[in-house]
Amino acid sequence: MAESLPDSLLSVRNIETYYGPIMAIRGVSLDVPKGRIVTVLGANGAGKTTILKTISGVMDPQKGSVTFEGAEIQGRDPDWVARRGIAHVPEGREVFPFLTVRENLLMGAFARSDRAAVAEDLDMVYGYFPILKERAEQQAGYLSGGQQQMLVIARALMARPRLMLLDEPSLGLSPILVKEIFGIVRRLNEEQGVTMLLVEQNANMALQTANYGYVLELGRIVMDDECGRLLESDDIKEFYLGVKKDAVRGKKRWRRKKTWR
Amino acid sequence: MELIQVLVAGIAQGCVYGLIALGFVLIYKATEQVNFAQGDIMMLGMFAAFTLIAIAGFPWWLGALIGIAITGVFGFILDAAVLRRIIGQPQFAVIILTIAVGFIFRSVAGGVWGADPVSFDTPYGGMVITIDENETGRTVLDVAELAIILGTVVLVGALYAFFRFTRIGVAMQASSQNQLAAYYMGIPVKYVISLIWGISAAVSCIAGILLAPKIATFDPDVGFLAITAFAAAVIGGFGSLPGAVLGGLIIGITEQLAQAYLPGEYARSIAPISGFIILLVVLLIRPDGLFAQIQRKKV
Numbered sequence: 051m052a053e054s055l056p057d058s059l060l061s062v063r064n065i066e067t068y069y070g071p072i073m074a075i076r077g078v079s080l081d082v083p084k085g086r087i088v089t090v091l092g093a094n095g096a097g098k099t100t101i102l103k104t105i106s107g108v109m110d111p112q113k114g115s116v117t118f119e120g121a122e123i124q125g126r127d128p129d130w131v132a133r134r135g136i137a138h139v140p141e142g143r144e145v146f147p148f149l150t151v152r153e154n155l156l157m158g159a160f161a162r163s164d165r166a167a168v169a170e171d172l173d174m175v176y177g178y179f180p181i182l183k184e185r186a187e188q189q190a191g192y193l194s195g196g197q198q199q200m201l202v203i204a205r206a207l208m209a210r211p212r213l214m215l216l217d218e219p220s221l222g223l224s225p226i227l228v229k230e231i232f233g234i235v236r237r238l239n240e241e242q243g244v245t246m247l248l249v250e251q252n253a254n255m256a257l258q259t260a261n262y263g264y265v266l267e268l269g270r271i272v273m274d275d276e277c278g279r280l281l282e283s284d285d286i287k288e289f290y291l292g293v294k295k296d297a298v299r300g301k302k303r304w305r306r307k308k309t310w311r
Numbered sequence: 198m199e200l201i202q203v204l205v206a207g208i209a210q211g212c213v214y215g216l217i218a219l220g221f222v223l224i225y226k227a228t229e230q231v232n233f234a235q236g237d238i239m240m241l242g243m244f245a246a247f248t249l250i251a252i253a254g255f256p257w258w259l260g261a262l263i264g265i266a267i268t269g270v271f272g273f274i275l276d277a278a279v280l281r282r283i284i285g286q287p288q289f290a291v292i293i294l295t296i297a298v299g300f301i302f303r304s305v306a307g308g309v310w311g312a313d314p315v316s317f318d319t320p321y322g323g324m325v326i327t328i329d330e331n332e333t334g335r336t337v338l339d340v341a342e343l344a345i346i347l348g349t350v351v352l353v354g355a356l357y358a359f360f361r362f363t364r365i366g367v368a369m370q371a372s373s374q375n376q377l378a379a380y381y382m383g384i385p386v387k388y389v390i391s392l393i394w395g396i397s398a399a400v401s402c403i404a405g406i407l408l409a410p411k412i413a414t415f416d417p418d419v420g421f422l423a424i425t426a427f428a429a430a431v432i433g434g435f436g437s438l439p440g441a442v443l444g445g446l447i448i449g450i451t452e453q454l455a456q457a458y459l460p461g462e463y464a465r466s467i468a469p470i471s472g473f474i475i476l477l478v479v480l481l482i483r484p485d486g487l488f489a490q491i492q493r494k495k496v
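From first to last, the protein sequence lines are chains A and B.
My numbering applies: residue 51 is where the first sequence begins, and numbers increase by one.
My numbering applies: residue 198 is where the second sequence begins, and numbers increase by one.
Don't read these hints as lab results, they were simulated from the structure.
Don't take every hint at face value.
Each computed DMTMM-like pair below joins lysine to aspartate or glutamate, with the alpha-carbon atoms no more than 25 Å apart [claimed, not checked]:
(1) Lys387(B) with Glu122(A)
(2) Lys226(B) with Glu153(A)
(3) Lys183(A) with Glu230(A)
(4) Lys411(B) with Asp329(B)
(5) Lys387(B) with Asp110(A)
(6) Lys229(A) with Asp275(A)
(7) Lys387(B) with Glu141(A)
(8) Lys113(A) with Glu267(A)
(9) Lys226(B) with Glu187(A)
(10) Lys387(B) with Asp127(A)
(11) Lys84(A) with Glu240(A)
(12) Lys287(A) with Glu267(A)
(13) Lys411(B) with Asp318(B)
(14) Lys229(A) with Glu141(A)
(15) Lys113(A) with Glu66(A)
(16) Lys229(A) with Glu184(A)
(17) Lys226(B) with Asp127(A)
(18) Lys113(A) with Asp274(A)
(19) Lys226(B) with Glu141(A)
(20) Lys113(A) with Asp81(A)
(21) Lys229(A) with Glu288(A)
(22) Lys287(A) with Asp81(A)
(23) Lys387(B) with Glu153(A)
(24) Lys229(A) with Glu276(A)
(25) Lys84(A) with Glu241(A)
(26) Lys113(A) with Asp57(A)
(27) Lys287(A) with Glu276(A)
Restraint-style ranges between C-beta atoms, simulated for each label pair [said to hold, decoys possible]:
(28) Ile326(B) with Asp173(A): 54 to 64 Å
(29) Arg76(A) with Ile274(B): 36 to 46 Å
(30) Glu240(A) with Pro484(B): 49 to 59 Å
(31) Ala166(A) with Gly254(B): 46 to 56 Å
(32) Gly77(A) with Leu262(B): 56 to 66 Å
(33) Arg270(A) with Leu481(B): 53 to 63 Å
(34) Ile274(B) with Gly278(A): 50 to 60 Å
Note that beta-carbon positions come from the ideal geometry of N, C-alpha and C, so glycine has one too.
Sequences are here, hints too, so could you generate the full structure?
Set out below in structure tokens:
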């Protein structure tokens, strides 16, 4: 079993997670170094969301360990994990629909008692997402999809997390909004120093935003590398970025195999 | 004027239904569990107050306060020790469990306090206010009924402020609107839900203590009142707190009007079921209830 890297904020070792009898995660290990953005790519049903749920405690792994800041956290309740400093931004914009935008944001800071700093952070997230300031007193259920996505990211930020788990922030958003949101994710990482674990289907966006990437297939990590190199990899290009090499004429497409199968 | 008397009695009765309905709705909103033991929790609260005031000799206000506190703690423990275990089970399991728990409470109360009607003294019990004395008649108002109305207004105001302005109150709303997201915020959802059970139990105890001087005596079956209160909650939209109180008021006033103005035979037979007639009509016209909060998720 590999030891966790010294600068690793979060390290996941050989976790196996089940949905009833179905094994969704088949021995995944990954590391998230402090201050970096790490991404997990994979198709529908590869197990990306399950990894995040296992880290944040919504699901418990049958085997393996999740270590955050040197302490094992697997099998704990999700609210305990959240208070420990991990903010999970689930897919599908899980806002509190009948609370106002401002109340939603303040709920993000529920576990904090430093009121003055919370007020500062409220201004800080309004700076990143000015639209939320405009809509502060509106019920969150009436925001558009993109605004709700901004709200859940901002709300997670209000907890001053040391690690943020971002699940499919691009889901169902227009290309221009996707660009805007990933731009903000990047700025948050650079300016606020928030470490991020980003799960995405939009491989292109994810690889351009993150520093390091893992490729997940059917519950296993099949490839991992610096994002720059993943972007150059032929397999990634063909299967995740949809770039086909026309230059190799005559070569039958089906003869090219994914290297990991 | 007789009409004013009838209306005051109806509003008071409706407030009691409304408070019990509030208890149903609080729990339903937070957990999607329907607590059919709600009325029996109220009954236990009333007997707790009876024990403290009539047997142990506490002054009324102190006995009532302690009784409310005990019932609240009891509700908290009931969730933490029993209901929490069946989270994730099908809805009917919860329904059957709470019905069973209600039966147990009733028979235990029958064993401890007996099946005979009991009562405890309320300082304003039996007092009336007489106004508007002239040839056409006078209006006699029961102070117990006025106290119910006043108590309900104060309690509903306090609950509103609590849910709107305190951090734990907003966290309760958050937990009931999106439980998973609440977990992700670090809100201790299980504790919050138990707390809501506690509040719900305390509210029904208050309803019972306010009701006690109006009905003079009560026995372990007093909790059956909650069936009508359940109808009130459904009329209000089952999930809307103002709706629950309003549903209670509608039923209470209708019952009293039917009682007073329907011809003899009908008054006796129709009045007790008038709430359910309204329930049928409301469900036919607005199947979601009068004040349903409906949220469609954006994709």
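Quickly compare the C-alpha distance for lysine 84(A) and glutamate 240(A) to 25 Å and report which way the hint goes. Measuring from Cα to Cα gives roughly 12 Å; hence the hint holds.
Between the alpha carbons of lysine 229(A) and glutamate 184(A), is the straight-line distance 25 Å or under? Distance ~21 Å between lysine 229(A) and glutamate 184(A) Cα, so the pair holds.
For the pair supplied as a hint, lysine 287(A) and glutamate 267(A), is the alpha-carbon distance within the 25 Å limit? At roughly 16 Å apart (the allowed maximum being 25 Å), glutamate 267(A) and lysine 287(A) satisfy the hint.
Sort out whether glutamate 276(A) lies within 25 Å of lysine 229(A), counting only the CA atoms. holds (21 Å)
In this structure, is the beta-carbon distance linking glycine 77(A) and leucine 262(B) contained in 56 to 66 Å? For leucine 262(B) against glycine 77(A), whose Cβ atoms are near 58 Å apart, the range 56 to 66 Å holds.
Taking only the CA atoms, is the gap from lysine 287(A) to aspartate 81(A) under or equal to 25 Å? holds (24 Å)
Measure nothing beyond the straight line between the CA atoms of lysine 229(A) and glutamate 141(A); if it is 25 Å or shorter, mark the hint as holding. OK: lysine 229(A) and glutamate 141(A) at ~17 Å, within 25 Å.
Given pair status - aspartate 127(A), lysine 226(B), alpha carbons within 25 Å: holds (22 Å)
Does the alpha-carbon distance linking lysine 387(B) and glutamate 153(A) stay inside the 25 Å limit? holds (21 Å)
Check the hint pairing lysine 113(A) with glutamate 66(A) against an upper bound of 25 Å on the C-alpha distance. holds (5 Å)
Restraint status (C-alpha distance of lysine 113(A) to glutamate 267(A) at most 25 Å): The given pair, whose Cα atoms are some 19 Å apart, holds under the 25 Å limit.
Lysine 387(B) and glutamate 141(A) were given as a pair; does the straight-line alpha-carbon distance stay at or below 25 Å? holds (23 Å)
In this structure, every one of the numbered hints holds.
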